Structure formats: C-alpha cells, structure tokens
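Given these sequences and hints, build the entire structure.
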Amino acid sequence: MKRKLVSLAALATASALVLAGCSSSADGGTDASTDNSGKTITLWLAGGDTPDKMRDYLKSEFAEQTGATLNIQQQDWGDLVTKLTTSLPDANNTPDVAELGNTQSSTFANVGAFLDISDMYEELGGTKLLQSFVDAGMVGDKNYALPYYFGSRAVFTRSDVWAAAGVEQPTTLDEFNAGVAAINAADPLGIPDFSGFYLGGQDWRNGISWIFANDGELATVKDGTWTSTLASENSLKGLAQLQKLYKSASNAPNDAKDSNQYIYLNDSDEIKDAEGVVTSNTSLSAATIMAPTWAHLSIGTLGTDADGKATRTWDDTKNEVFALPGNDGKPAPVFAGGSNIGISAKSKNPELAKSLLTIIYSEDYQTMLGQNGLGPANSDYVDSLGDDQFAQALIESASNSKLTPAAPGWATVEGSLVMEEFFSKIEGATDLKALAKEYDEKLTPMLNGE
Amino acid sequence: MTTQNLVLGQADPPRQARPRKRGNTTPYLLVIPACGILILALGYPLVWQFVTSMQRFGLSQQFGQPPEFVWFDNYVTLFTDPYMWTVVARSLAFCLVTAAVTMAIGTLMALLMNAVHTSVRITLQISMLLAWAMPVVAAMTVWNWLIDWRRGVLNSVLTGMGLDFQNHNWLADPLSFFFVAMVIVVWMSVPFVAFSIFAGLTQVSTEVLEAAQLDGATLSQRLRFIIVPIIRPVLAIILLLQVIWDLRVFTQIRLLQDVGSIASETNLLGTYIYQLGVGSSDFAMASAVSIFVLVLTVALSWFYVRSMLKEDES
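If you're matching them up, the sequences are chains G and Y in order. Take the first sequence: its position 219, counting from 1, is numbered 1349 in the working numbering, and each next residue is one higher. Take the second sequence: its position 207, counting from 1, is numbered 442 in the working numbering, and each next residue is one higher.
Simulated from the structure, these hints should not be mistaken for lab results. Please note that a few of the clues may not be correct.
Said to hold, decoys possible - Each pair of labels, with its calculated beta carbon distance range:
| hint | chain 1 | residue 1 | chain 2 | residue 2 | range |
| --- | --- | --- | --- | --- | --- |
| 1 | Y | Leu273 | G | Thr1170 | 35 to 43 angstroms |
| 2 | G | Lys1567 | Y | Thr486 | 33 to 41 angstroms |
| 3 | G | Ala1564 | Y | Gly299 | 35 to 43 angstroms |
| 4 | Y | Gly299 | G | Asp1271 | 57 to 65 angstroms |
| 5 | Y | Gly395 | G | Leu1319 | 20 to 28 angstroms |
Unchecked claim - Just a sample of chain Y residues kept apart from chain G, beta carbon distances all over 10 angstroms, derived:
| hint | residue |
| --- | --- |
| 6 | Thr260 |
| 7 | Leu281 |
| 8 | Leu294 |
| 9 | Leu327 |
| 10 | Phe329 |
| 11 | Met338 |
| 12 | Ile357 |
| 13 | Leu359 |
| 14 | Gly397 |
| 15 | Ala446 |
| 16 | Gln448 |
| 17 | Gly451 |
| 18 | Ile462 |
| 19 | Leu474 |
| 20 | Thr486 |
| 21 | Ser515 |
Since we're looking at a predicted model, the values are computed, not measured. Quick reminder that beta carbons are idealized off the backbone N, C-alpha and C, glycines included.
Structure below.
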C-alpha cells in the first residue's frame, strides 16, 4: 500500500513536471508537496561575481519550491574549462547546472556536454533573452546554454590627469586615439613610464574593440566552416590603430594581460620606507584603462569597511567612466563579457535542474542580478540596473557589444593563448599584414576544432 | 670501498647461496600485491597514455565520441613541427645549466657546512630547511613580488645602486625570464643537494684527510683527489635526480608565465604539454609529447645509470 502511494506520488510529480515543461507560464516551479527531500543538485558558479545573498536566495527558493537541496560550488575562472572538461562527462561528478563564459559555451555545446533545453526556451524568456548569448549556446536550432548575466567593457579615466593635459572627453574613436596619445606625450604629472592609455601587450580582450570598431571581424563562418579574418582589410585598419596606440599611448609591458589594469588608476597605494614615511606614490601610472564595468568597485580612494576590509570609494573629482566611442556616433563595439548557464547532459536529476533554471529566470532573480550590477539575461529587467553612471556606461557599451566567434574551437583558441601571442607581436611588427596572415593560418584550423 | 655501498644503501650479497626448495610459490604470492599496486599505479596511466598518443583524442572524445586510431600520425606531426624541437632544445639547455649551477652551489654549501662551527652550521641548516619546506606556490608568490616590474624590491635595490632598472620587466625577455626561473629553481633545489652531499662528506674519514695533509696535499688537491672520489656516488645520483627534475620543471615556469612573458616563447616541455592537453584539449598530442619526454629522460639517464652500476660492481 505504502509503495503504491509512493509510486502514485512519483507519477504525480512526473506529470506535474511535464505539464510545467509544456506550459509557457513563467512560474514553472514544481509542487512542493512531492518528496524530493533526499535529493541534492549541484550548481557551479564561476568566480565571485554572484553575491552571497543571491546564492542564499537560490538555495532557499529552491528548497521551498522543490523540497530538494541546492549545493552551490564556486569555481575559479582560471581553471573552469579544465574542471568542466573533466567533470561534465562523468555522471557521478558532474555539476547538474554550470555557469561558464559565454565564449566557452559554444565549444561545450558542440561536443554534447549540455542537455537540450529548447523546450524550456520560451518559458525562460524566449526572444527577451540576450540574443548573442543565446546564439553562443546553440547548435543548429537547439538551445543548450542560455545567458546568465551580461557585462560589458567601458573606459575608466583619471579625469584630473586628462584635464591637466588639456584633453577633452572624446566623442569619437579617432578623438580617443589622439587624446590618449597626447596625454602620454604630455605626461602632466611627470611620472616615469606613464601611460596615456594603459593597454597590455597581450590584452586582446580589450584590444579587439579596435578591430570591431573598424568593421573588422575575428572570424567569419560560411557553410559551417570558420575562417580567421585578422588579415581582412577592415581588421587590419583596426590593428594599425592598435599598433599606433601601443607605440605612442601605452607604456604597459608587452607581456601584460587583461588583468587588474584598474590598479594603475589609483594613486593611494604608497611605497613606504622603514620608518613608515611615504617615499613615493608611483602607483598611479595610467590616465586611462579599459575594464569590465564592475571594475569601478576597485577604483577610487582607499578606505576600510566595518569589517576592516580595504575598500575603494569612487571619486567623481578624479575618476570618470564612459563607453568607448565609435566613429559612427554609436559606442564602439567592445567585447561583451558575461556568462551562460546550462544543464549537464549527464545530470542525474535533470527535472530538478530545470526547476532551478525557472528560479534563475524568474523576475525576482533577474531583478536581483540588475541590482548587483550584473546585466540581467532577460531584457525586461534591464531597468533594475539603475541609472547611475556605471549602469549607464554598462547599458550604453553593451548596446553595441560583440561576442567572440561562436566557433566549435573557440575555447581551444583561448586555452592555447594564441590571441595573447598575436597581440604581443603587434607593437613590434614591421609588416602587420604578414603577421595577421600568419596567425590566420594558425587560427582557422583551431576554430573548426581540427 | 664500503662507504660507497653504504651510501647507496646496498649491502654486499651473501656469499653462501641458501638451499632452495623447488616449487615453493609462497614468495611469489607475497610479491603479487606489491606488483599489482605498481602495475595499477604506474602501468595503467602509462599504457593509457601510450594508446591515447596514437589516437585522435580531443574534447569530443572526452565527451564520449569514439576516438579514431591513427597509429603514429601524432608523432609524425610532432617531430616535423619545428616549434617542438625549439621547446626540446630550450628544455635541455635549461635543465643542464640549472642542474650544473645547483650542483655547484649545493657542493659549496655542503663544504661550508662541514667547515664551520656547529652553531653556524645549524643556523645554515635551519634556513635551508625552511627554503626546502616552503610550498612552491607560496614561495612563487613571494618571488613574483620581488621581481614585480613596478614595485618589486629587486628593481628598487638596483635603481638605488645607481643602475637604471626603474620599471624593468624581467619576464618580458625570454632570456631574463629563464634567468629568473633558474634562480628560483636553484634556490629551491640547493637545500636537498647540500644536505645530501653533507651527509656524504661525513663519510670521509678524517684520518685519510689528515694523512694527506701531512703528506703536503693542498686544500684543492685534497678536494679533488680525496673528497670528490669518495663521495662520487652521492654526487652522481644527485646530479641524475637534478637533471630529471629540472627537465620536468613545471610549477615554477607556469606560475611565472601567469605573471608575465609570452607563453610560446617561454614554454618548456612541462608547460608545453599542459598547454596542449589542458589548454587546447588536444589530449592525444599532449600524450605523444609526454611519451617523448619519458623516452628523453630514459635516454639522458641511461649512460649515467649504467656507468654508475659498473662503478658499483668494480
């Protein structure tokens, strides 16, 4: 008798889930009265971008709606691809739901690492979801990974240094290029190796904006075959501008990557001698940097919070943020940051994992993303970002932002550091076209996963 | 020369052969568990790696698609790739130079420890033990701070001495990158070498040295003709270990690459395999390089091990 009841309950759950899956209503949570209490699913979040209170919300909401437990594990961005590569194929160790970089999701979708969730697409937001991210998670006409949040890159400046050098905020990309070179030449504060625009030699994630802004592409696809197009006419225009910037506006080391460049805008970390006397404040060494918009949390005056942790307070008299301007009146297309989320094809609890997705794409959670400075996946809730200067810069630069090619081998390209290598050679190249061609030949087979 | 045998931990074989019973399988049974563990722990990965190196094995295979067997295709690709030979030459040069410098400094440290007063020796030993016991990642963090291009103490000191090293980036140029890497690897390996050789030195009997001194042998003559021959087995085995370790060096190079340098110009075999396998998900090619490194290591140490064994026999 008891067993019969259990199987009846199971049947009820199953049909509830099926119905929830079919219905297009947004509240697809499953019936809390069914017994999931012994079950646990695992969610991998990448990096610390999702704040603790949002994690707590997910856990409690998930427990309330399904009765099961949600276990959230944070993975480092640095070895995320490695961990996904080893864990996703293994049913016993796979996370049920995993966040990953938007540019990485096409690679994993193509090898069949994720569950086909096309049937949920409409329910989770449909065409309201950020299209370029949705595309990155698609293979053919099936959805495997959907956008989690978006970010974008903006220009952060030391407006006081710009003013001291007598350079106005630029309204076109040409003005920007000329302006940062002028600041570099003027070096108004007399700091050695000062950069008008600090752009690391290997920092391709920011550098590709100049390729995009000149209508260049990293790669194009025709009949399913990808071709690297660094040597195309438009890409070369962008590369020539970059070379000029590297030569005349940036004193960043040739091997510097896209990593914490905002520290060079701060002047309050000081070098002290043995008596605690400040000997120099060489820390400020750039008038301009580009970084994801959430970098504003690390720029400004040094202070401490209630727990004694170091904090930075944005100082409007010294700092400014704006979207990199393009030459056509629109913002320049910058590299769209952010991540996608998908259900592992090997998940043992795909129905519970689907319930988690419905919570993530609910109005409540999407609004929380915006309130925490992360661009919500669903365009209906972008307003929740607020209207401060950071939100404005994010929304403006994201309006024209671009993803790296959704090619099957893109994660391989990133993993093999070929883009880093190529960018490091731009400054010293005597023949940019030959250099670009050389790397096109390297990249094309990698893009196609050969 | 019994000291040699002592140091190598080998006793003279018993002269009298014990009477053997035929058909006694107990010893073999007793050996089975140990052999089994060895085969599982060492053999399985090796065989897997060898098989994989002859397949096409990428991310799709990792996710369950059947791999295609291509025999020696990967090796052909590998051996015709000039970059691979650049990395091999670089690794060999780095490993030989680093091992030689480590041995030289380690030997000098050991001789120093042997010569100084006990309290000084214990201070030396403790500081070297600390360097030896320091986790690599922690040590590398400190080293990275020391050589930081903007705020590193190294540049600050050199600039203070009147040299122009302000904002000098040590990692950008491959040669200075490898110099920095060598200093770090040597710093981490010297304690082991120094302790082992010091242990060897304690085996040199003072009577022999005194006798030589009475006969008028100078310090360098005593070192060259008495001390070194006596501790030669120790030196030989440590040099062999150093060469093998320095050929496979990975962590230090990898962590330095994270801070600076252009990866393709500073890859050694270890980081090259990592970049191929973990970075590019080309597990087959990474396996092929690994097998090649194994062969290279065996080749490097082959003559060495043989000559050591010969010396031992005589």
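Hint check:
1. Y/Leu273 to G/Thr1170: 35 to 43 angstroms: At 38 angstroms between Cβs, range holds.
2. G/Lys1567 to Y/Thr486: 33 to 41 angstroms: holds (36 angstroms)
3. G/Ala1564 to Y/Gly299: 35 to 43 angstroms: holds (41 angstroms)
4. Y/Gly299 to G/Asp1271: 57 to 65 angstroms: Violated: the Cβ-Cβ distance is about 23 angstroms, outside 57 to 65 angstroms.
5. Y/Gly395 to G/Leu1319: 20 to 28 angstroms: holds (22 angstroms)
6. Thr260: holds (39 angstroms)
7. Leu281: The claim stands: Y/Leu281 keeps its Cβ more than 10 angstroms from every Cβ of chain G (closest is about 20 angstroms).
8. Leu294: violated (5 angstroms)
9. Leu327: holds (23 angstroms)
10. Phe329: holds (19 angstroms)
11. Met338: Its Cβ never comes within 10 angstroms of chain G, the nearest being 31 angstroms, so this holds.
12. Ile357: Label holds. Min Cβ-Cβ 29 angstroms, cutoff 10 angstroms.
13. Leu359: holds (27 angstroms)
14. Gly397: holds (16 angstroms)
15. Ala446: holds (53 angstroms)
16. Gln448: holds (48 angstroms)
17. Gly451: holds (52 angstroms)
18. Ile462: holds (44 angstroms)
19. Leu474: Nearest chain G Cβ is 33 angstroms from Y/Leu474, so the label holds.
20. Thr486: holds (14 angstroms)
21. Ser515: violated (4 angstroms)
In summary, the structure is inconsistent with hints 4, 8 and 21 from the numbered list given earlier, while agreeing with the others.
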